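Start from the sequences, fold in the hints, and give me the full structure.
Residue numbers (my numbering), protein chains in the order written: chain U, 1 to 421; chain L, 1 to 300.
In case anyone wonders, no lab produced these hints; they're calculated from the structure. Treat the numbers as computed from the prediction; the structure is a model and nothing was measured. Ideal Cβ positions, reconstructed from N, Cα and C, are used throughout, including at glycine. Fair warning: there could be bad hints in the mix.
Going by beta-carbon spacing under 10 Å, a handful of chain L positions derived as facing chain U [as the list claims (entries may be wrong)]:
1. 85
2. 87
3. 108
4. 111
5. 113
6. 116
7. 127
8. 129
9. 162
10. 193
11. 224
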Amino acid sequence: MKYLIKGVSVLGRPKTDLLIRDGVIQQGDAKGAEVLDGDGLVALPGLVDLHTHLREPGREDAETVESGSRAAALGGYTAVCAMANTSPVADTAGVVEQVYRLGREAGLVDVQPIGAVTVGLAGERLAELGAMATSAAAVRVFSDDGHCVSDPKLMRRALEYVKAFDGVIAQHAEEPRLTEGAQMHEGEVATRLGLTGWPAVAEEATRARAVRLAEHVGPRLHVCHVSTAGSVEVLRHAKARGVRVTAEVTPHHLLLTDERATSYDPVFKVNPPLRTAADVSALRAALKEGVIDIVATDHAPHAVEDKECEWAYARPGMLGLETALSIALSVLGEDWDLIAERMSRAPARIAGLSGHGHDPVPGAPANLTLVDPAARRGGGPGRGAPPRPHPRPPRPAPPPPAVPSTRRSRPPAAATPPTRA
Amino acid sequence: MKHLLSAADLDAATATLVLDTAAEMAGIAGREVKKLPTLRGRTVVNLFYEDSTRTRISFEAAAKRLSADVINFSAKGSSVSKGESLKDTALTLQAMGADAVVIRHPASGAPHRLATWVEGSVLNAGDGTHEHPTQALLDAYTMRSRLGRLAGLKVAVVGDVLHSRVARSNVALLATLGAKVTLVGPPTLIPVDLQTQVSYDLDAVLPDADVVMMLRVQRERMNDSYFPSEREYARRYGLDGPRMRKLPEHAIVMHPGPMNRGMEIAPEVADSARSTIVEQVANGVSVRMAVLYLLLGGKP
Numbered sequence: 001m002k003y004l005i006k007g008v009s010v011l012g013r014p015k016t017d018l019l020i021r022d023g024v025i026q027q028g029d030a031k032g033a034e035v036l037d038g039d040g041l042v043a044l045p046g047l048v049d050l051h052t053h054l055r056e057p058g059r060e061d062a063e064t065v066e067s068g069s070r071a072a073a074l075g076g077y078t079a080v081c082a083m084a085n086t087s088p089v090a091d092t093a094g095v096v097e098q099v100y101r102l103g104r105e106a107g108l109v110d111v112q113p114i115g116a117v118t119v120g121l122a123g124e125r126l127a128e129l130g131a132m133a134t135s136a137a138a139v140r141v142f143s144d145d146g147h148c149v150s151d152p153k154l155m156r157r158a159l160e161y162v163k164a165f166d167g168v169i170a171q172h173a174e175e176p177r178l179t180e181g182a183q184m185h186e187g188e189v190a191t192r193l194g195l196t197g198w199p200a201v202a203e204e205a206t207r208a209r210a211v212r213l214a215e216h217v218g219p220r221l222h223v224c225h226v227s228t229a230g231s232v233e234v235l236r237h238a239k240a241r242g243v244r245v246t247a248e249v250t251p252h253h254l255l256l257t258d259e260r261a262t263s264y265d266p267v268f269k270v271n272p273p274l275r276t277a278a279d280v281s282a283l284r285a286a287l288k289e290g291v292i293d294i295v296a297t298d299h300a301p302h303a304v305e306d307k308e309c310e311w312a313y314a315r316p317g318m319l320g321l322e323t324a325l326s327i328a329l330s331v332l333g334e335d336w337d338l339i340a341e342r343m344s345r346a347p348a349r350i351a352g353l354s355g356h357g358h359d360p361v362p363g364a365p366a367n368l369t370l371v372d373p374a375a376r377r378g379g380g381p382g383r384g385a386p387p388r389p390h391p392r393p394p395r396p397a398p399p400p401p402a403v404p405s406t407r408r409s410r411p412p413a414a415a416t417p418p419t420r421a
Numbered sequence: 001m002k003h004l005l006s007a008a009d010l011d012a013a014t015a016t017l018v019l020d021t022a023a024e025m026a027g028i029a030g031r032e033v034k035k036l037p038t039l040r041g042r043t044v045v046n047l048f049y050e051d052s053t054r055t056r057i058s059f060e061a062a063a064k065r066l067s068a069d070v071i072n073f074s075a076k077g078s079s080v081s082k083g084e085s086l087k088d089t090a091l092t093l094q095a096m097g098a099d100a101v102v103i104r105h106p107a108s109g110a111p112h113r114l115a116t117w118v119e120g121s122v123l124n125a126g127d128g129t130h131e132h133p134t135q136a137l138l139d140a141y142t143m144r145s146r147l148g149r150l151a152g153l154k155v156a157v158v159g160d161v162l163h164s165r166v167a168r169s170n171v172a173l174l175a176t177l178g179a180k181v182t183l184v185g186p187p188t189l190i191p192v193d194l195q196t197q198v199s200y201d202l203d204a205v206l207p208d209a210d211v212v213m214m215l216r217v218q219r220e221r222m223n224d225s226y227f228p229s230e231r232e233y234a235r236r237y238g239l240d241g242p243r244m245r246k247l248p249e250h251a252i253v254m255h256p257g258p259m260n261r262g263m264e265i266a267p268e269v270a271d272s273a274r275s276t277i278v279e280q281v282a283n284g285v286s287v288r289m290a291v292l293y294l295l296l297g298g299k300p
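Below you can see the structure in the form of structure tokens.
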């Protein structure tokens with residue numbers, strides 16, 4: 001099977017044709033190739049999401065590997081890293097292999113499972129990290145995500161242990177004693193709304209400790225969804241000292257503030273919570289500067305009944321796969337090389353996905369994304385992905401180029417946030 | 001005015017209209033037949049997800065004095081205890097033709113959510129640690145009837161402001177009506193960023209106060225280290241006889257109830273001539289009559 005993408009601009013460079021054969025971008029004879037019109041489109045290395053919740057196994061009513069893969073492909077992703085907080089938890093080789101296999105079966109994007117750091121995300125003892133690393137899923141990223149490894153000794157051991165297979169611990173930072181009952185960012189809006197605050201210091205103190213631990217024992221540390229200006233400062237100092245730390249920010253933390261909670265609509269409930277305008281501008285600056293390495297979605301779908309209720313009873317989480325690129329473009333502008341770095345190359349490097357994050361030039365694996373620079377994908381309550389089921393298209397082994405959107409819609413700055421409420 | 005969700009939503013003119021209407025309603029309480037035909041044929045549902053005696057009875061009395069049909073829906077022993085969602089309950093009430101729903105709920109913002117699901121008016125009768133707007137209105141009514149005005153009054157709100165919906169509503173409404181509020185309590189119980197004057201020293205505030213509003217302090221708070229002991233709390237922030245005597249001659253003492261006698265307020269103070277605690281209960285009915293009347297389409 002051959003494809004010829006005609007007249008496409010690779011990372012904003014002059015127009016060219018891309019020939020894809022056997023999953024690799026090649027030079028040579030294009031005869032017999034299926035032709036795709038790339039006129040006006042920009043080719044990027046396929047986007048890689050380091051932080052996706054696919055909910056399967058366990059909450060297939062909220063999302064499945066297949067439906068999440070479709071959302072990812074629609075958003076321009078060619079690989080997603082599936083978080084471990086499924087039911088059962090992805091804390092054994094068996095579960096990560098199951099998720100990996102479901103991803104292969106869906107066949108739309110590469111689904112790379114993330115393994116839990118501790119058994120059952122309970123924060124008590126290490127899961128079999130080595131077994132997950134040597135399984136068919138070849139797990140390299142480990143995370144307890146929202147549960148946070150809050151025990152410093154356990155965190156230290158995990159950081160040390162994964163050095164044996166160049167693993168990385170991805171840490172959600174939250175000091176649990178400081179966030180008991182927390183509902184939203186602690187500040188003026190929370191006070192006015194009578195919602196228990198989630199103070200920035202609960203994130204920043206944990207980040208500082210994780211960075212120091214990583215510095216002490218020497219492995220790689222990845223920090224999940226940075227949400228405060230103070231965390232940016234912690235990262236800036238750590239990087240200046242040469243600590244091997246990478247960081248992600250979500251599209252919603254680049255776009256929205258805690259004022260959104262004023263509606264009490266739990267669509268805006270997320271963890272870490274939406275912060276202040278000052279935090280948003282610090283995060284935007286840090287992403288441009290490289291203190292924050294990547295955009296990761298923390299795509300976290302929920303069943304309708306878990307959002308259509310009182311704020312305090314709703315589950316935290318927002319959608320992101322379909323809208324992340326539009327938001328990143330609004331923050332970074334059409335700096336295609338920077339977009340490629342923050343959304344493809346760097347996340348692929350962190351996740352150890354050797355087949356991803358390569359610029360679409362001859363010789364590279366054909367994991368690429370075609371973007372219409374004029375298109376913007378908005379979201380909003382009730383504007384989720386189209387309903388399932390959708391017959392799986394017959395497909396050659398390599399994922400085809402994903403076209404994030406040819407539909408023109410509201411620009412993200414004016415859009416209500418992505419959600420499947 | 002379609003709903004009453006937050007005292008912060010009321011402008012000065014609307015709030016004053018409620019207080020003036022309440023004054024007219026109060027006249028009815030003095031009559032032998034305490035009833036007006038105004039809301040005959042209208043249905044008011046009291047939807048209470050939290051135990052409450054005085055607020056529920058007050059709303060019930062108010063609706064009945066206006067001749068409305070009242071349905072009491074308590075979360076205990078209802079479909080709610082079987083796990084029904086607020087939205088499904090709302091749709092049920094909607095189908096039964098509720099013209100107004102009075103809701104008390106442990107989750108902040110529940111009345112706001114309810115208002116998006118029902119066509120009738122929603123009255124917030126206390127939501128979590130957010131607001132209790134009719135309490136603020138009845139407090140303002142009480143201050144105005146005792147002291148003759150609200151503009152320029154110096155009001156000290158003392159105690160667990162952090163967890164108090166009464167305090168939030170009062171801060172918002174009193175600011176709108178031109179009173180000057182000072183929040184008093186231990187720093188652990190005064191929320192960050194409330195745009196109001198704050199003092200940690202009750203004795204310093206009392207000589208200059210026109211109104212002292214004591215808030216209920218739950219004894220459980222000391223288990224979460226908000227303060228060391230009941231005794232220390234009462235000593236630093238309780239209103240006892242000697243402290244009361246520091247107040248100016250005309251000053252009044254308020255409490256939304258239920259009181260912890262001996263904790264935030266001494267019996268000597270609660271039962272003194274300065275205390276408006278029983279008056280507040282009576283005024284509550286008049287104010288709730290006024291709110292129901294205005295929400296359900298009446299004009300004075």
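Comparing the hints with the structure gives:
Here the hint on residue 85 of chain L is kept, as its CB sits about 6 Å from the closest CB of chain U, short of 10 Å. Below 10 Å, beta-carbon pairs count as interface contacts, and residue 87 of chain L has one with chain U at about 6 Å; its hint therefore holds. Of the supplied interface hints, the one on residue 108 of chain L holds, with its beta-carbon coming within about 4 Å of a beta-carbon of chain U, less than 10 Å. The interface hint given for residue 111 of chain L holds, since its Cβ lies 9 Å from the closest Cβ of chain U, which is under the 10 Å cut-off.
A least Cβ separation of about 6 Å between residue 113 of chain L and chain U falls short of the 10 Å threshold, and the interface hint therefore holds. Against a cut-off of 10 Å between C-beta atoms, the interface hint on residue 116 of chain L holds, since the closest Cβ of chain U lies about 8 Å away. The beta carbon of residue 127 of chain L is positioned within 10 Å of a beta carbon in chain U (closest approach about 7 Å), and the interface hint is therefore held. For residue 129 of chain L, the interface hint holds, the least distance from its beta-carbon to any beta-carbon of chain U being 4 Å, beneath 10 Å.
With a least beta-carbon distance of about 8 Å to chain U, the hint placing residue 162 of chain L at the interface is held under the 10 Å criterion. A cut of 10 Å between beta carbons decides the hint on residue 193 of chain L: the least distance to chain U is about 4 Å, and the hint holds. Given hint, residue 224 of chain L at the interface with chain U, holds; its Cβ is 9 Å from that chain's nearest Cβ, closer than 10 Å.
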